[in-house]
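Asks: Generate coordinates for the entire structure from the input sequences, incorporating the hints supplied.
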Amino acid sequence: MSKLDEGAYAPKPSPHTKTFARAMRAAPTDAEHLLWFELRNRSLNGYRFNRQVRIGRYIADFACRSHNLIIELDGGQHCENADDERRTRDLNARGYSVLRFWNDEVVFERGAVLDTILAVLDGRIHSPSPGLRFALADLSPMGRGEQAFGRHAPQSGESS
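Sequence positions in the sequence shown follow UniProt numbering and run 1 to 160.
Hints are computed from structural coordinates only; laboratory data are not their basis.
Certain hints may be false.
Said to hold, decoys possible - Between beta-carbon pairs, the in silico distance windows are: (1) ALA82 - GLY46: 14 to 24 Å; (2) ASN41 - ARG89: 27 to 37 Å; (3) ALA82 - ASN45: 13 to 23 Å; (4) GLY111 - ARG57: 31 to 41 Å.
Keep in mind the model is a prediction, meaning the values are calculated, not measured.
Yeah, the Cβ is synthetic: ideal placement off N, Cα and C, and Gly gets one too.
Replies: Listed below in structure tokens is the structure:
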């Protein structure tokens, strides 16, 4: 079963989004650079992460696609931002859980940040928590969130 942002269900990415994602990879914030050093090359218990990942119309800071987990790093401009809430809801509806950290947490408490990421990936944290800034995916009966967009993935034997 495919997610909406992959394979046949992927919307054609805009050239602007692709260029913007590349630019963001080339000029990460200090916090993004520090966290990427810990996540790249399957360094975190073998989990594979990508950075500045295009998902729908958004660019996620980090994504572990095998576990449908997005990690977002927020600076001061994100304080109680309605756009971030909408973005999280949209990503949840696409089948992704979203875990947010403040940049300062990554810079000054990196060990705790990595422990939290591992706890989510290992299934030790599995409920939303406002204090933790963790929002679980909205899973459809199909298990990926596709029905939130009024589409469904073809089942085996169905033609697309």
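Asks: Please go over all the hints and tell whether each is borne out by the structure.
Replies: A quick look at each hint next to the structure:
{"no.": "1", "hint": "ALA82 - GLY46: 14 to 24 Å", "result": "violated, 37 Å"}
{"no.": "2", "hint": "ASN41 - ARG89: 27 to 37 Å", "result": "holds, 32 Å"}
{"no.": "3", "hint": "ALA82 - ASN45: 13 to 23 Å", "result": "violated, 35 Å"}
{"no.": "4", "hint": "GLY111 - ARG57: 31 to 41 Å", "result": "holds, 34 Å"}
Of the hints listed earlier, those the structure fails to meet are numbers 1 and 3, in rising order.
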